[in-house]
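Below, each chain spelled out in residue letters.
Number of protein chains: 4
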Amino acid sequence: MAKSKFEYVRDFETDDACLPNCWIVVRLDGRNFHRFAEQHEFKKPNDDRALHLMTKCAQTVMQELEDIAIAYGQSDEYSFVFRKKSRWFKRRASKFMTHVVSQFASSYVFYWKDYFKDQELLYPPGFDGRIVLYPSNQNLKDYLSWRQADCHINNLYNTVFWMLVQRSGLTPVQAQDRLQGTLAGDKNEILFSEFNINYNNEPLMYRKGTVLIWQKVNEVITKKIKLPKETEEKEVEVTRSRTQVVPLHCDIIGDQFWEEYPEILAEDS
Amino acid sequence: MAKSKFEYVRDFETDDACLPNCWIVVRLDGRNFHRFAEQHEFKKPNDDRALHLMTKCAQTVMQELEDIAIAYGQSDEYSFVFRKKSRWFKRRASKFMTHVVSQFASSYVFYWKDYFKDQELLYPPGFDGRIVLYPSNQNLKDYLSWRQADCHINNLYNTVFWMLVQRSGLTPVQAQDRLQGTLAGDKNEILFSEFNINYNNEPLMYRKGTVLIWQKVNEVITKKIKLPKETEEKEVEVTRSRTQVVPLHCDIIGDQFWEEYPEILAEDS
Amino acid sequence: MAKSKFEYVRDFETDDACLPNCWIVVRLDGRNFHRFAEQHEFKKPNDDRALHLMTKCAQTVMQELEDIAIAYGQSDEYSFVFRKKSRWFKRRASKFMTHVVSQFASSYVFYWKDYFKDQELLYPPGFDGRIVLYPSNQNLKDYLSWRQADCHINNLYNTVFWMLVQRSGLTPVQAQDRLQGTLAGDKNEILFSEFNINYNNEPLMYRKGTVLIWQKVNEVITKKIKLPKETEEKEVEVTRSRTQVVPLHCDIIGDQFWEEYPEILAEDS
Amino acid sequence: MAKSKFEYVRDFETDDACLPNCWIVVRLDGRNFHRFAEQHEFKKPNDDRALHLMTKCAQTVMQELEDIAIAYGQSDEYSFVFRKKSRWFKRRASKFMTHVVSQFASSYVFYWKDYFKDQELLYPPGFDGRIVLYPSNQNLKDYLSWRQADCHINNLYNTVFWMLVQRSGLTPVQAQDRLQGTLAGDKNEILFSEFNINYNNEPLMYRKGTVLIWQKVNEVITKKIKLPKETEEKEVEVTRSRTQVVPLHCDIIGDQFWEEYPEILAEDS
Chain G
1 MAKSKFEYVR
11 DFETDDACLP
21 NCWIVVRLDG
31 RNFHRFAEQH
41 EFKKPNDDRA
51 LHLMTKCAQT
61 VMQELEDIAI
71 AYGQSDEYSF
81 VFRKKSRWFK
91 RRASKFMTHV
101 VSQFASSYVF
111 YWKDYFKDQE
121 LLYPPGFDGR
131 IVLYPSNQNL
141 KDYLSWRQAD
151 CHINNLYNTV
161 FWMLVQRSGL
171 TPVQAQDRLQ
181 GTLAGDKNEI
191 LFSEFNINYN
201 NEPLMYRKGT
211 VLIWQKVNEV
221 ITKKIKLPKE
231 TEEKEVEVTR
241 SRTQVVPLHC
251 DIIGDQFWEE
261 YPEILAEDS
Chain U
1 MAKSKFEYVR
11 DFETDDACLP
21 NCWIVVRLDG
31 RNFHRFAEQH
41 EFKKPNDDRA
51 LHLMTKCAQT
61 VMQELEDIAI
71 AYGQSDEYSF
81 VFRKKSRWFK
91 RRASKFMTHV
101 VSQFASSYVF
111 YWKDYFKDQE
121 LLYPPGFDGR
131 IVLYPSNQNL
141 KDYLSWRQAD
151 CHINNLYNTV
161 FWMLVQRSGL
171 TPVQAQDRLQ
181 GTLAGDKNEI
191 LFSEFNINYN
201 NEPLMYRKGT
211 VLIWQKVNEV
221 ITKKIKLPKE
231 TEEKEVEVTR
241 SRTQVVPLHC
251 DIIGDQFWEE
261 YPEILAEDS
Chain H
1 MAKSKFEYVR
11 DFETDDACLP
21 NCWIVVRLDG
31 RNFHRFAEQH
41 EFKKPNDDRA
51 LHLMTKCAQT
61 VMQELEDIAI
71 AYGQSDEYSF
81 VFRKKSRWFK
91 RRASKFMTHV
101 VSQFASSYVF
111 YWKDYFKDQE
121 LLYPPGFDGR
131 IVLYPSNQNL
141 KDYLSWRQAD
151 CHINNLYNTV
161 FWMLVQRSGL
171 TPVQAQDRLQ
181 GTLAGDKNEI
191 LFSEFNINYN
201 NEPLMYRKGT
211 VLIWQKVNEV
221 ITKKIKLPKE
231 TEEKEVEVTR
241 SRTQVVPLHC
251 DIIGDQFWEE
261 YPEILAEDS
Chain Z
1 MAKSKFEYVR
11 DFETDDACLP
21 NCWIVVRLDG
31 RNFHRFAEQH
41 EFKKPNDDRA
51 LHLMTKCAQT
61 VMQELEDIAI
71 AYGQSDEYSF
81 VFRKKSRWFK
91 RRASKFMTHV
101 VSQFASSYVF
111 YWKDYFKDQE
121 LLYPPGFDGR
131 IVLYPSNQNL
141 KDYLSWRQAD
151 CHINNLYNTV
161 FWMLVQRSGL
171 TPVQAQDRLQ
181 GTLAGDKNEI
191 LFSEFNINYN
201 NEPLMYRKGT
211 VLIWQKVNEV
221 ITKKIKLPKE
231 TEEKEVEVTR
241 SRTQVVPLHC
251 DIIGDQFWEE
261 YPEILAEDS
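Going down the list, the sequences are from chains G, U, H and Z.
With the UniProt record's numbering, letter number 61 in the first sequence gets 61, and the count goes up by one each step, no holes.
With the UniProt record's numbering, letter number 91 in the second sequence gets 91, and the count goes up by one each step, no holes.
With the UniProt record's numbering, letter number 22 in the third sequence gets 22, and the count goes up by one each step, no holes.
With the UniProt record's numbering, letter number 176 in the fourth sequence gets 176, and the count goes up by one each step, no holes.
These aren't lab readings, by the way, just hints derived from the structure by calculation.
All clues given are correct.
One copy or two, it doesn't matter: identical chains are merged, so the pair holds either way.
Pairs of lysine to aspartate or glutamate, EDC-like flavour, derived with a Cα cap of 16 angstroms:
hint : residue 1 : residue 2
1    : 90        : 13
2    : 90        : 15
3    : 187       : 202
4    : 95        : 77
5    : 3         : 142
6    : 3         : 150
7    : 85        : 11
8    : 5         : 150
9    : 90        : 67
10   : 5         : 142
11   : 85        : 267
12   : 3         : 251
13   : 224       : 237
14   : 223       : 233
One chain only, chain G, in its complex shape (with noise of 0.2 angstroms):
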């Protein structure tokens, strides 16, 4: 059995390292969502549930891997941006994915009983994900910006639709042909008129999906300390820095954010 005899194998691997001075994006989608929702009871147009587990699941991505600048996440998708230096597995795009989609994947199944509680994970399920480039800061903010017009354009459809079926007893494809060819601005009226929902009130997570970004927060814990000279133990505050992932429901499209956060972009030219 000699193993050398094969080894030529080996060589039919191709590099796929990452052009170098890119952001490089994993984006990740659930597969056959659709039906998963369905038979799994998703709350619809939004599940907090389903939300939150996502986001849970980014954040273990973020901790366990290296180098997320920032990630986004709006219904079953999340993306991953890791910073342009970064030299993780010499920028193989192969191990950018895998390692992105399958920690993902396994954390969706082991948190899944904190967030939907008695309601039963009935099959294990499957994400699939790509890689892209982005060149420029400004490149990599268009990116985020779509996923986020993109978030808003779903979102405001699917309340208006669920609304027309859950409230007005429309059939699907009545809600459907109600909304076919309606502008942002004819939806917003349905939701006001009909159902006196102002959408601008709707919640921030739904409209705006999730940012994770890596935030310094200071935690105060409590030790038990024996001071010398002393025969007691005594109980003292401590006040420690460390730096987590944090969730927002912010706008990412206009300056503001990046204004506030700089150094996600920051990197030397």
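Got chain G sorted already, so can you dock chains U, H and Z onto it with the hints?
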């Protein structure tokens, strides 16, 4: 929030279609499984629960995805071979890789308790994957032979190593020193003379790994039927033919396996 | 001027090695050769000088570069097939492409006057190239068949078209209208009934294009030698065997060609 | 001869579009130019005829192809920089590479006699090319600096080396030994003390290489016109503005060049 203004970012996605008429192999490996095995108290040198769970996950991958002709696994790795002529997802490499590893990873957590019972899963594991193309049948067979030869070499080493540690009380470093520079024959001899073990009698699953192929199996199922003119139901046995994923623990380096299952490689030129 | 400070830019080069064990085809085409042909008064529908010059350049490419097993040319294009097992320049795609087109282009100007005599070359022509991999012999044969079928279709069309223009006095637009929707049989019929031309008697080089292969040829050369004990030189004929690039104008779609020259495809699996 | 039956082979072509919003650099090098230079009796260490011919070919490339913002050449190499936003041939890498090297190669033979006069060209030379992407302006400037620093280092070495050989009568091996381990300062010192040469007075073209940029130039041309009401033609001078490729021999490592010609890098983010 004009989405269209940002849609140009889609042009940055690259086409990663695999060359037609080549076997597409996706191999995955557990991430940091050395540590994972320790923390979950895997039995050394082989843990049946872990090996069977790996195979269960691989079976799930073969059933859920399309066009996988054969899979081969050992230790914490599994290789999946997609058909030369597969047109699944336009042969996009990222689709193949991410679907395989995400389905595998979610299955690993989902089926964990079926194999590890009350040994709790402490955290969600990660897997990495890569994709390699093989133009000819011989190249593919050599790839699989390479992995099986690797299984043999590692398992022989590990079997002796852990005997020296577990039975002779050597420290890992001492065991490693003892085996430094030994050939296969030497290791067989140590096993036989010191531990009365004939390596060739070790379980096939440890020595050969696991091959997964599609096989037609006949199932006999019992049905209750009520014939016309009769008043009572009657039980009848029905034989049903189904294609399912079957695990084998056999040699795939020699010709015999390929002669026995010619359909695996059978595709017109 | 510390060069080292800038050397990081080399990391931006990507590895473009071709998959092993595949036929590597580089096809080049003249750039804007429609205009080039007009300005250099190429005879229509076929200009022997231009076709022979193309073949001379292709022969030079085969002789100067390594591992080219066969080449096929027609009109202003030529395809070069590198051996499956070639290790030339580590199979880097850019090396194959640029060496082929630059050698071809410089040869085109260099040998121009040998074929075009006092027809002066007005400007240096450009060529573009592409690279394609073919995993199996059948794929490669089908590629070459595709090019030869293309030659046939174009040449039949062009032969009739230019007869209509040159002999019947139709304008190009009229000739085009006349041929609109005609099948091969119709075109043969026009040639025969209107111009008394049997297409099958047209020169093979026009109908089949040019195949270049390596052939052992015996050369008889005359040497002057002086034998010991003799006082005068004497002429003797010596037969010398050499491998050279030979042009053929034959069918390569059927099996006969490949049976006659089995060595072209002969490489172990 | 149904062409359609073979057309499937087109699916084996891969998409090699360059990532958008990156500078695309194609660098070409003479193939075996050491030998070529000897056989054509190039003057050492620099042959003006050869350098000017290289630059003529590079100018032709810039004029014939599209979107080249700047080129830089030294010795037997030339780099061409395509604009970040170029959409030429859908940014296909093979198109950029093959058009550049084929146009350069044919021009080399075409213009040879304008520079080498009665020194005959013995055979058609080859060139190889590669393509590299640079995401940021700084990366691109560093690439060009790398090439110019390389020019400086090689030219200083060659200048001393050939002085030692040509004037001091050392053999090439002796000259090489003499220079082994010397720093730039040592080489300058040898030139000055032994050959009375101040390296900084050597021609800029040798020390800095050649930069090609687009420049508006004003041409004064003489036209004959006949004004209404006049009976005779009259000569008038007309100033016409044209954009043409201009060679410079200046430093491009420092900021001054880029400040003087900001339009080269000017493209919106």
